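Trainee: The hints should help you fit chain C onto chain P, whose structure is shown.
Which chain is which? The protein sequence lines are P and C, in order. Quick note: the first sequence uses this note's numbering, first residue 1, plus one each step. Quick note: the second sequence uses this note's numbering, first residue 1, plus one each step.
In silico BS3-like cross-links for lysine-lysine, where the CA-CA straight-line distance does not exceed 27 Å:
no., chain 1, residue 1, chain 2, residue 2
1, P, K42, C, K57
2, P, K69, C, K101
3, P, K79, C, K101
4, P, K68, C, K101
5, C, K13, P, K42
6, C, K57, P, K101
7, P, K57, C, K101
8, P, K42, C, K101
9, C, K101, P, K101
The hints are simulated quantities; they were obtained by calculation from the structure and are not laboratory data. The structure displayed is predicted, hence computed values, not measured ones.
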Amino acid sequence: EDQVTQSPEALRLQEGESSSLNCSYTVSGLRGLFWYRQDPGKGPEFLFTLYSAGEEKEKERLKATLTKKESFLHITAPKPEDSATYLCAVVNSGYALNFGKGTSLLVTP
Amino acid sequence: KAGVTQTPRYLIKTRGQQVTLSCSPISGHRSVSWYQQTPGQGLQFLFEYFSETQRNKGNFPGRFSGRQFSNSRSEMNVSTLELGDSALYLCASSLNMEGEKLFFGSGTQLSVL
Numbered sequence: 001e002d003q004v005t006q007s008p009e010a011l012r013l014q015e016g017e018s019s020s021l022n023c024s025y026t027v028s029g030l031r032g033l034f035w036y037r038q039d040p041g042k043g044p045e046f047l048f049t050l051y052s053a054g055e056e057k058e059k060e061r062l063k064a065t066l067t068k069k070e071s072f073l074h075i076t077a078p079k080p081e082d083s084a085t086y087l088c089a090v091v092n093s094g095y096a097l098n099f100g101k102g103t104s105l106l107v108t109p
Numbered sequence: 001k002a003g004v005t006q007t008p009r010y011l012i013k014t015r016g017q018q019v020t021l022s023c024s025p026i027s028g029h030r031s032v033s034w035y036q037q038t039p040g041q042g043l044q045f046l047f048e049y050f051s052e053t054q055r056n057k058g059n060f061p062g063r064f065s066g067r068q069f070s071n072s073r074s075e076m077n078v079s080t081l082e083l084g085d086s087a088l089y090l091c092a093s094s095l096n097m098e099g100e101k102l103f104f105g106s107g108t109q110l111s112v113l
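With the rest of the complex left out, here is chain P (with noise of 0.2 Å):
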C-alpha cells in the first residue's frame, strides 16, 4: 500500500534562518511528486510537480529535490508570509492523490 510521511510535523524558523522538509515515500510505480501549500481557510495551493529521481525544481525561495524513496523540500532564508502547512502527495495509477498529513511552518520576524 502507498504511504507519504512527512517530518516534521511542525516547525518553527526564525525570519532567515534556512531549512528542510522531508516527504518520505513508498509507491508501486512513481508517476509524480506533488508539493502543495495550504494557508488556514484555503485548499491547497500548487508548488512543484516531481517525476524522477535527481530532479530539482525552484521558486523564490523554495527548492524541491526527488530521490528514489523521499523528496525534500527545501526553503532559504524564509519569511514571515511562507508560514503555511506543506504538503505532499504522491501517485502511482489513477488519479488520485495521496496525501501525507503535511509540516505545519511557522517564520516568525
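Mentor: Coordinates of chain C only, in the frame set by chain P:
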C-alpha cells in the same frame, strides 16, 4: 480565469441528515476530484469523475456518493450523517492527464452535531 468554486462555504447538520455539496471546476477542466480533510487523517481521496463517469474511488462507505454533470460541475452527497463526517471537503479539478497537478477550491466546512 476563475478558480474552482465550492458552495456552500460552511454547513451545519445534525446526525442522520443528508447533505449535498457543490463544485464548479475551472473552465475547460473535465476531471473533478473530491477529498476529505480532517486534523487526524489529513487529506483523503473520496472519488474522481471525468465526463460524468466515476473513474476512481477511495476507501469510503457507500454513504458517500457523487456525480458529475455534462458541464463538468460536480456534486457530492453524504447520507445518514455521522459525527465523524465533520471535515473540510475539498474539490479539485484538472484537465485530464494522469499525474497532472490539481487545482483546489477553498472547500466546504461541514460540522455534524
